[in-house]
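J.: Sequence:
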Amino acid sequence: MMEDMYAVMSRIQEIKKRFGLVQPNAAPRDAAAFDNEVNAQIRDAAEKEKAAGFAERADLPSRENFSISDIKDLAHRNAAKRGVPPGLIDAIIKNESSYNPRAVSSKGAKGLMQLMPSVARGLGVEDPFSPEENINAGVGIVKHLLEKYSGDYKKALAAYNAGEGAVDRNGGIPPITETREYVQKVIRDYMKNSE
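Per this note's numbering, residue 73 is the first one in the sequence shown, and the count goes up by one each step.
A couple of the hints might just be wrong.
What the hints assert, rightly or not - Below are the SDA-like pairs computed for lysine to any residue, each with C-alpha atoms no more than 25 Å apart in a straight line:
{"#": "1", "residue 1": "K179", "residue 2": "K153"}
{"#": "2", "residue 1": "K226", "residue 2": "N167"}
{"#": "3", "residue 1": "K257", "residue 2": "G196"}
{"#": "4", "residue 1": "K264", "residue 2": "D224"}
{"#": "5", "residue 1": "K153", "residue 2": "K166"}
{"#": "6", "residue 1": "K153", "residue 2": "G180"}
{"#": "7", "residue 1": "K166", "residue 2": "M188"}
{"#": "8", "residue 1": "K215", "residue 2": "D240"}
{"#": "9", "residue 1": "K179", "residue 2": "Y254"}
{"#": "10", "residue 1": "K166", "residue 2": "G180"}
{"#": "11", "residue 1": "K215", "residue 2": "D199"}
It should be emphasised that the hints constitute simulated quantities derived from the structure, not laboratory data.
Given only the sequences and the hints, what does the whole structure look like? Please build it.
T.: The following block contains the structure:
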């Protein structure tokens, strides 16, 4: 069944490419250029939200009181702003942290989208346990990976889990059991949410 989904998703990507809906692979960017671009996007989004009154809204829950519904709403708004499938971000959060903003992995990744401390710092995230900051940075990373791998969800998710270097060295999903299972689970949850 998973192979059928991959085949369907690959065919959709082929059709998108044929009609010019997917950008071809851009030249690889170095880490500093990527960090600068994502930081600029984070600042722009924060300024737009502040201008729209988002930061001052009294009806927003405090960081400690975010429900799963609040997290999904925040993730969907952020994903939609950046042109990333909201259901994909939801599936990533579910598999990364089970919607726990305070989650910390054994490797030190933090928050809803499990940002590694060095990545969070590089993206200007001051509080990785802040749902807003964590999701904003995580969505920026996912957008970058989807663009880098021409919309190939499997490669983008593998890179999110194991790193771009592992995907590039292997020409796709690396032979890491955890990464292979992660990609399957996220895609399965994404497809389930899209039904």
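J.: Just pull the numbers of the violated hints for me, sorted ascending.
T.: 1, 3, 6
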